[in-house]
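Novice: Let the sequences and hints guide you as you build the complete structure.
The working numbering puts the first residue of the sequence shown at 80, with every later residue one more than the last.
Hints are supplied without guarantee of correctness; some may be wrong.
[To be verified] Restraint ranges, calculated between C-beta atoms of paired labels, are given here:
{"id": "1", "residue 1": "L180", "residue 2": "Q136", "range": "34 to 42 angstroms"}
{"id": "2", "residue 1": "K183", "residue 2": "G114", "range": "42 to 50 angstroms"}
{"id": "3", "residue 1": "T186", "residue 2": "T140", "range": "33 to 41 angstroms"}
{"id": "4", "residue 1": "Q93", "residue 2": "K183", "range": "14 to 22 angstroms"}
{"id": "5", "residue 1": "L145", "residue 2": "H121", "range": "42 to 50 angstroms"}
{"id": "6", "residue 1": "R86", "residue 2": "E134", "range": "23 to 31 angstroms"}
{"id": "7", "residue 1": "L118", "residue 2": "I193", "range": "40 to 48 angstroms"}
{"id": "8", "residue 1": "L197", "residue 2": "L105", "range": "18 to 26 angstroms"}
[Unchecked claim] Here are the simulated DMTMM-like pairs of lysine to aspartate or glutamate, each with C-alpha atoms no more than 20 angstroms apart in a straight line:
{"id": "9", "residue 1": "K183", "residue 2": "D84"}
{"id": "10", "residue 1": "K183", "residue 2": "D92"}
{"id": "11", "residue 1": "K150", "residue 2": "E137"}
{"id": "12", "residue 1": "K150", "residue 2": "E134"}
{"id": "13", "residue 1": "K183", "residue 2": "D88"}
Keep in mind that the hints were calculated from the coordinates and are not lab data.
Since the structure is predicted, the reported quantities are computational estimates derived from the model, not experimental observations.
Virtual Cβ for every residue (Gly too), placed ideally from N, Cα, C.
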Amino acid sequence: MTAPDLRQDQRMDQIMAMLLRSGVLLAASLVFIGGVVYLSRHDLPVINYRVFQGEPQELRTVSGILREAAKFHGRGLIQLGLLVLIATPVARVLFSVLEFLYEKDGTYVAITLIVLALLSYSLFGGGRL
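Specialist: Here it is as structure tokens:
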């Protein structure tokens, strides 16, 4: 491997590390801010553990989560932080596809696209069997 190739690989590694760090920090910040907002606006309810209460309907879709987060509702911000956390490794795989395309490495492009397809299936269609 030549020196320019090594520098290019190191640069790509640095970009990928920054992408992952930024995603995790953004997700943690959103969850923290959402938690502070939620706790400051809501009294601590008495929890009945005998009855399961899932998330409200508006927090079960991406569009609903975005609407709630835009209104600066605590639970919406927390859910948005979790979505960002889930999206971070997906963004890394997408970046890898672009990186391998740039390097003209067809084998790794194919493998990474398979990984992306599996991720997409598990996120969007895997639970509907």
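Novice: Compare the structure with each hint and give your call.
Specialist: Here is how each hint holds up against the structure:
In this structure the supplied range 34 to 42 angstroms holds for L180 paired with Q136, their Cβ-Cβ distance being about 40 angstroms. Checked against the hint of 42 to 50 angstroms, the C-beta distance between K183 and G114 comes to roughly 46 angstroms, which is consistent with it. For the pair T186 and T140, the beta carbons lie near 38 angstroms from each other, so the given range of 33 to 41 angstroms is met. Range check, Q93 to K183: Cβ separation about 21 angstroms, and the 14 to 22 angstroms hint holds.
Separated by about 21 angstroms at the C-beta atoms, L145 and H121 break the suggested range of 42 to 50 angstroms. Distance hint check: the CB atoms of R86 and E134 are about 47 angstroms apart, inconsistent with the given range 23 to 31 angstroms. Hint check: L118 to I193, Cβ distance near 43 angstroms, so the stated range 40 to 48 angstroms holds. At roughly 25 angstroms, the beta carbons of L197 and L105 sit within the given window of 18 to 26 angstroms.
Taking the CA atoms of K183 and D84, the gap is about 13 angstroms. The hint holds against a cut of 20 angstroms. Among the hinted pairs, K183 with D92 is consistent with the structure: their alpha-carbon atoms are about 17 angstroms apart, no more than 20 angstroms. Only pairs whose Cα atoms come within 20 angstroms are accepted, and K150 paired with E137 is accepted, the gap being roughly 12 angstroms. A C-alpha spacing of about 17 angstroms is found between K150 and E134, which places the hinted pair at or below 20 angstroms, so the restraint holds.
Between K183 and D88 the alpha-carbon distance is near 13 angstroms, which keeps this suggested pair within the 20 angstroms criterion.
Consistency note: the structure conflicts with the earlier hints numbered 5, 6.
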